[in-house]
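Asker: Sequence:
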Amino acid sequence: MKKIILLLLIVISLPSFAQPFTKDETNQWEKQAKQVTIIRDNWGIPHIYGKSDADAVFGLLYAQCEDDFKRVEMNYIEKLGRMAEIKGESSLADDLLIRMIIDTTEAKADYDVAPAWLKNLLNAQADAVNFYLFKHPEIKPALLTRFKPWFQLLWTDGSIGAIN
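Counting in numbering that gives the first Met the number 0, the sequence shown runs from 0 upward without gaps.
Worth flagging that the hints you see were computed from the coordinates, not collected in a lab.
Be aware that a few hints might be false.
To be verified - With beta-carbon atoms standing in for the labels, derived distance ranges:
hint: 1; residue 1: 45; residue 2: 139; range: 20 to 26 Å
hint: 2; residue 1: 33; residue 2: 115; range: 19 to 25 Å
hint: 3; residue 1: 48; residue 2: 70; range: 22 to 28 Å
hint: 4; residue 1: 70; residue 2: 107; range: 21 to 27 Å
hint: 5; residue 1: 27; residue 2: 113; range: 27 to 33 Å
hint: 6; residue 1: 45; residue 2: 95; range: 35 to 41 Å
hint: 7; residue 1: 134; residue 2: 70; range: 15 to 21 Å
hint: 8; residue 1: 136; residue 2: 112; range: 32 to 38 Å
hint: 9; residue 1: 138; residue 2: 116; range: 17 to 23 Å
hint: 10; residue 1: 41; residue 2: 104; range: 41 to 47 Å
hint: 11; residue 1: 83; residue 2: 107; range: 30 to 36 Å
hint: 12; residue 1: 65; residue 2: 19; range: 36 to 42 Å
hint: 13; residue 1: 109; residue 2: 137; range: 18 to 24 Å
Stated by the list, open to error - Simulated crosslink set (DSSO-like; lysine-lysine; CA at most 30 Å straight-line):
hint: 14; residue 1: 107; residue 2: 86
hint: 15; residue 1: 134; residue 2: 107
hint: 16; residue 1: 69; residue 2: 30
hint: 17; residue 1: 22; residue 2: 134
hint: 18; residue 1: 107; residue 2: 33
hint: 19; residue 1: 69; residue 2: 86
hint: 20; residue 1: 86; residue 2: 139
hint: 21; residue 1: 33; residue 2: 139
hint: 22; residue 1: 30; residue 2: 134
hint: 23; residue 1: 30; residue 2: 86
hint: 24; residue 1: 118; residue 2: 107
hint: 25; residue 1: 86; residue 2: 33
hint: 26; residue 1: 22; residue 2: 118
hint: 27; residue 1: 147; residue 2: 50
hint: 28; residue 1: 118; residue 2: 33
We treat Cβ as the ideally placed atom computed from N, Cα and C, and that holds for glycine.
With these hints in hand, go ahead and build the complete structure from the sequences.
Answerer: Quick look at the structure:
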C-alpha cells in the first residue's frame, strides 16, 4: 500500500518538475516581440519584418507556431530521437537510428562555441517557440515544454536523406 501511495505522489508531482518560464524570460520575449511585425496576406502567408536578423527569426518561428505548432514540435521530437515517447514502441528503431546519427551532446557543444551572431539567431528561434507557448497556454505540447537554442543544431548532418 505504501508503494502505491508513493507512486501516486510521484506521478502527481511530475508536472511540477516542468521548468516554468521566468518573469525575466517573458519580459525579454515581450521586448523582442515588439521589434517584430507579422503581416499575413490574403492567402495567410506571413510576411515578417524585424529590426534585426534575430528579430526576423523570432517572428518567423512565432508565425510557424501559429500555423502548425504540432508540426514544429514533432520536427524537434524526431531530431531528438524521442518519437517513441509519443508514438510508442513502434518508433524505437527510428529513435535509435536518429540517436546514432545525431548527437545532442555535440549540438550543445556547437552552441557553446558558436559565434555571437549565430547564438543570437539560435536564441531567437527558441525564444519564439517558448514565447508562443507562454502566450497560448491552451496549447498542450505533446512532449516538449521548453525549447532550447541548440535544438536547431540537430540539423547539421548535411543530408536530409540520411534519416528519412
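Asker: Check the structure against each numbered hint from earlier and tell me which ones fail, lowest number first.
Answerer: Those not satisfied are hints 5, 9, 11, 12, 13, 23 and 25.
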